[in-house]
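Colleague: Sequence:
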Amino acid sequence: MPELPEVETIRRGLDGWVIGRRITDVEVRHPRAVRRHHAGPADFRARLLGTTITGTRRRGKFLWLPLDSGDALLCHLGMSGQLLIEPPDKPDGPHLRIRLVFDQAEHQLRFVDQRTFGEMLVSPDGAELPGEIAHIAPDIYDPAFDLAEFSRRLRARRGEVKRALLDQSLISGVGNIYADEALWRARLHGNHPSQELSDAVARELVEHIREVFDAALNAGGTSFDALYVNTNGESGYFDRSLAVYGRAEEPCRRCGTPVERIKFTNRSSFHCPSCQIVPG
DNA sequence: AAAAGCCCCTGCTTGC
DNA sequence: TGCAAGCAGGGGCTTT
625 MPELPEVETI
635 RRGLDGWVIG
645 RRITDVEVRH
655 PRAVRRHHAG
665 PADFRARLLG
675 TTITGTRRRG
685 KFLWLPLDSG
695 DALLCHLGMS
705 GQLLIEPPDK
715 PDGPHLRIRL
725 VFDQAEHQLR
735 FVDQRTFGEM
745 LVSPDGAELP
755 GEIAHIAPDI
765 YDPAFDLAEF
775 SRRLRARRGE
785 VKRALLDQSL
795 ISGVGNIYAD
805 EALWRARLHG
815 NHPSQELSDA
825 VARELVEHIR
835 EVFDAALNAG
845 GTSFDALYVN
855 TNGESGYFDR
865 SLAVYGRAEE
875 PCRRCGTPVE
885 RIKFTNRSSF
895 HCPSCQIVPG
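First residue of the first sequence: 625, per my numbering; consecutive thereafter.
It should be emphasised that the hints constitute simulated quantities derived from the structure, not laboratory data. Glycine included, C-beta positions come from ideal geometry on N, C-alpha and C. Hints are all accurate, no fakes.
Computed Cβ-Cβ distance ranges for the label pairs, DEER-style:
1. Lys-714 - Lys-887: 36 to 44 Å
2. Ala-772 - Pro-718: 42 to 50 Å
3. Ala-670 - Gln-819: 46 to 54 Å
4. Arg-878 - Asp-649: 48 to 56 Å
5. Arg-776 - Gly-664: 41 to 49 Å
6. Trp-641 - Pro-748: 20 to 28 Å
7. Gly-664 - Arg-739: 18 to 26 Å
8. Arg-827 - His-662: 39 to 47 Å
9. His-662 - Pro-711: 28 to 36 Å
Whole structure, please, built from the sequences with the hints as guidance.
Modeller: Set out below in structure tokens:
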């Protein structure tokens with residue numbers, strides 16, 4: 625899915641457009657898109673009608689729009705979700721899941737999602753922090769992110785460091801791409817046991833995450849194809865800067881050794897076998 | 001309690 | 001050509 629930089633790019637795109645707008649119609653085109661709104665699509669619609677969006681917020685890969693009702697419209701893009709600001713006369717694509725219509729607006733907001741892993745729900749009293757995502761750890765840009773606490777919890781874990789980075793309850797916003805990129809920058813192998821990391825290395829790892837996120841944000845996010853776009857439907861360009869992800873057999877940008885691809889929990893991991901060594 | 005596996009989807013690519 | 005398997009950047013739930 626979009627990882628933190630892509631979701632943040634989308635949040636910024638929404639921020640300049642949705643704030644202050646009043647919702648006048650809601651159309652749920654696919655029930656799966658609101659599957660975690662347990663009261664169902666009709667209730668989802670009813671709770672949104674007539675409310676005004678007061679802001680745009682994000683934690684990790686979750687995005688929410690606080691409403692003047694005190695509730696929040698919570699959204700996760702899953703693997704292929706898009707939030708598009710489009711004119712009403714633009715034809716609906718086959719993957720349109722939810723449409724939001726606003727008072728006196730020349731555009732509407734469309735939630736488009738090919739693979740339907742994404743979702744929206746209305747979180748009661750969720751404006752400040754939706755209860756549905758209270759278990760997600762703060763991401764590195766959140767003032768609540770506690771570096772010492774992250775280091776302590778990371779090093780208390782059994783298991784491998786890459787799996788830890790992907791655990792959203794430990795640190796949020798990192799997915800498969802940026803985990804590989806940050807580990808490469810840190811010269812750590814993803815299979816490195818978390819428990820063997822020093823406090824200094826754990827803190828450095830966060831700095832590498834920050835650097836790769838900052839770089840991706842400056843490029844407008846990563847996109848391999850037309851699935852990953854901002855609210856204008858445009859792709860980011862950070863894929864041109866990826867050091868290891870998707871670069872199997874290509875030379876490591878540091879030492880020239882061919883990048884290796886390995887299986888990791890039914891996914892792919894990429895690393896440099898020279899720069900990133902597992903101890904022991 | 002924490003960690004690992006399974007599952008949910010669609011569409012594109014690859015290999016027989 | 002046709003079909004099956006593999007693959008894709010997710011998280012929640014169940015099991016161990």
